[in-house]
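The listed protein sequences correspond, in order, to chains A and B. Reminder that position 166 of the first sequence reads as 166 in the working numbering, one-by-one numbering, no gaps. Reminder that position 133 of the second sequence reads as 133 in the working numbering, one-by-one numbering, no gaps.
Treat the hints with caution; some may be incorrect.
Since the list can't tell identical chains apart, any single copy or any two copies may satisfy a pair.
[Stated by the list, open to error] No more than 30 Å apart at the CA atoms, straight line, and that leaves these computed lysine-lysine pairs for DSS-like:
| hint | residue 1 | residue 2 |
| --- | --- | --- |
| 1 | Lys174 | Lys107 |
| 2 | Lys107 | Lys243 |
| 3 | Lys49 | Lys249 |
| 4 | Lys107 | Lys249 |
| 5 | Lys107 | Lys49 |
| 6 | Lys174 | Lys49 |
| 7 | Lys174 | Lys249 |
Hint data in this document are derived by calculation from the structure and do not stem from the laboratory. Everything numeric in this text was worked out from a predicted model, so none of it was measured.
Take a look at the letters that make up each chain.
Number of protein chains: 2
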Amino acid sequence: MLTDQDLPAAMRQISDSVDAVFADILATPPGASERLYEAMRYAAIGGGKRMRPLLVAASARLFDVAPQNALLAGVAVECVHVHSLVHDDLPCMDDDDLRRGRPTLHKRFDEATAVLAGDALLALAFGLLARPETHADPLVRAELISTLASSAGASGMASGQMMDMAAVDTTLDKDAVVQLQQLKTGAMIGWCVGAGAALGAADADQRAALSHYAQCVSLAFQIADDLLDVEGDERTVGKRLRKDDEQGKQTLVRMLGRDSARSYASDLIDRAVSSLEPFGPSAELLRSIAHFSIHRDR
Amino acid sequence: MLTDQDLPAAMRQISDSVDAVFADILATPPGASERLYEAMRYAAIGGGKRMRPLLVAASARLFDVAPQNALLAGVAVECVHVHSLVHDDLPCMDDDDLRRGRPTLHKRFDEATAVLAGDALLALAFGLLARPETHADPLVRAELISTLASSAGASGMASGQMMDMAAVDTTLDKDAVVQLQQLKTGAMIGWCVGAGAALGAADADQRAALSHYAQCVSLAFQIADDLLDVEGDERTVGKRLRKDDEQGKQTLVRMLGRDSARSYASDLIDRAVSSLEPFGPSAELLRSIAHFSIHRDR
Chain A
1 MLTDQDLPAA
11 MRQISDSVDA
21 VFADILATPP
31 GASERLYEAM
41 RYAAIGGGKR
51 MRPLLVAASA
61 RLFDVAPQNA
71 LLAGVAVECV
81 HVHSLVHDDL
91 PCMDDDDLRR
101 GRPTLHKRFD
111 EATAVLAGDA
121 LLALAFGLLA
131 RPETHADPLV
141 RAELISTLAS
151 SAGASGMASG
161 QMMDMAAVDT
171 TLDKDAVVQL
181 QQLKTGAMIG
191 WCVGAGAALG
201 AADADQRAAL
211 SHYAQCVSLA
221 FQIADDLLDV
231 EGDERTVGKR
241 LRKDDEQGKQ
251 TLVRMLGRDS
261 ARSYASDLID
271 RAVSSLEPFG
281 PSAELLRSIA
291 HFSIHRDR
Chain B
1 MLTDQDLPAA
11 MRQISDSVDA
21 VFADILATPP
31 GASERLYEAM
41 RYAAIGGGKR
51 MRPLLVAASA
61 RLFDVAPQNA
71 LLAGVAVECV
81 HVHSLVHDDL
91 PCMDDDDLRR
101 GRPTLHKRFD
111 EATAVLAGDA
121 LLALAFGLLA
131 RPETHADPLV
141 RAELISTLAS
151 SAGASGMASG
161 QMMDMAAVDT
171 TLDKDAVVQL
181 QQLKTGAMIG
191 WCVGAGAALG
201 AADADQRAAL
211 SHYAQCVSLA
221 FQIADDLLDV
231 EGDERTVGKR
241 LRKDDEQGKQ
251 TLVRMLGRDS
261 ARSYASDLID
271 RAVSSLEPFG
281 PSAELLRSIA
291 HFSIHRDR
């Protein structure tokens, strides 16, 4: 898997592989857990850009990591991502009916099932990382688990979501919005490229370069998301748009204006790509992902 | 810590130690995450019987595990337990206003904060287990993480909660109710005594004996809970009671009658205690916990 340097082909490969792993580990067991597994499959299989598993794989490639190791780490982070989408869509959170072009989990099932399926996906992420198939060295597995817990939890994504909800109808300055995005999406994106480095026993300089890449890409990716919220087509994007304005949410696009935000995002991508220089041609896929992150219609 | 064989003293020791660890790791960081940490502390500190950390410590004692290792593993499982209480109390789940004699988290804060604080506590559990302070050998840490993920997730507690909600106003036979309880509480109780064994490198026979102990104690504990729901004092128990009848939930107490259920629980405790025979006097605390599990007023 992921033998191709071509981005669309790599994205298809990763999507297919991620779906296959999910189909395998979320096959319905006989008995009473049927509905919970069905809900988890509904949330996890056949949707999304799979940017996070792709980033793990692209980063792992720099260090000749076995593709199967990168794939399992990628599925683990996708579990956390899907978990966060399911919980974010709940009525008490963002209250969304549409996700990836289909009814959100709590609309298709019910709210209690959405809470429990999200919880079970979060637990599954750590269970996957603990498996010997993810990496032969248990110390590497423990590092992946420890950093994922920080990135997903109170010192990362969960705090970002709290700030995001508190940011409705309040005034934040640019630094605060950048900090919010760093927690909400940056920590998890940082985990993805860091996972490739951890699986491949990268040195401190390589990890620092990749961390800088991740910071720039995640912020640019978020600006592109905010632009899509303003300019995108709901059917293509597959979720409700025009929410930021409606909810009075502070975004860089609202603060800087569309053109300045676009040029800021483009500048961030230049910086991300520069930080890949030490890796030479093996970083081609990471470069493509950086450019794609701001040139996309969904 | 936990130098005393006397159960009430041991419970106080464990409660104090668990609170101290939570106060340390959930100290509010400077900045924007204040409210999330406050909510996590509200849910985690100063309440509950701490049965799960106590079971970890009592089982670890059989194998001369360092008390600090057992304490961290106990705090991890308590994170999962508190996470499940916070999510279970949500309006879309059991819709409870009172927990441990105080307003539930979503009443004191709001529903979105309850969802996120519960999520962050679940992630924290795995982060704690990944720490070298929990055990020097990363392979032991990986085993604890892998088994906790199974016990908490779709093959354990989360499925039990799904079954429990589906069991409202339906007819289950005794085997189905026992299976429900095994998933809902048994898997996590089993993890606790198994954690002591894993930390102490117990052999297969010892693990099997402890697993049998856990199965018996968790079912007896649940029967005692169901009896408290019928007979208990709301102020002492600290949560809303008489729910099972109201919601039409199948419990062993409703199916067997109070007296038969009580004698079944007592029989289970005898079996639990028998399975401790090979461990001799070092299992005194586990024996006391077994007896306490059915003789309690909260």
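**Item:** Within, between, both or neither, where Lys107 and Lys49 count as close if Cα-Cα is 30 Å or less
**Value:** within (22 Å within a copy, 37 Å between copies)
**Asked** When no copy is specified for Lys107 and Lys249, does a C-alpha distance of 30 Å or less occur within a copy, between copies, both, or neither?
**Response** both (24 Å within a copy, 25 Å between copies)
**Asked** Should Lys174 paired with Lys49 be assigned to within, between, both, or neither, using CA atoms and 30 Å as the limit?
**Response** within (28 Å within a copy, 46 Å between copies)
**Prompt:** Which holds for Lys174 with Lys107 at a C-alpha limit of 30 Å: within a copy, between copies, both or neither?
**Reply:** Neither: 35 Å inside a chain and 33 Å across chains, both beyond 30 Å.
**Message:** Treating 30 Å as the Cα threshold, decide for Lys174 and Lys249: within, between, both or neither.
**Reply:** Within one copy, since 13 Å is at most 30 Å while 52 Å is not.
**Message:** Regarding Lys107 and Lys243, is the shortest C-alpha distance of 30 Å or less found within a copy, between copies, in both, or in neither?
**Reply:** both (19 Å within a copy, 27 Å between copies)
**Request:** Could you place Lys49 and Lys249 in one of the four classes (within, between, both, neither) given a Cα distance threshold of 30 Å?
**Result:** For Lys49 and Lys249, only the intra-copy Cα distance (24 Å) is at most 30 Å; the inter-copy one is 42 Å.
In terms of the numbered hints stated before, the structure departs from hint 1 and from no other.
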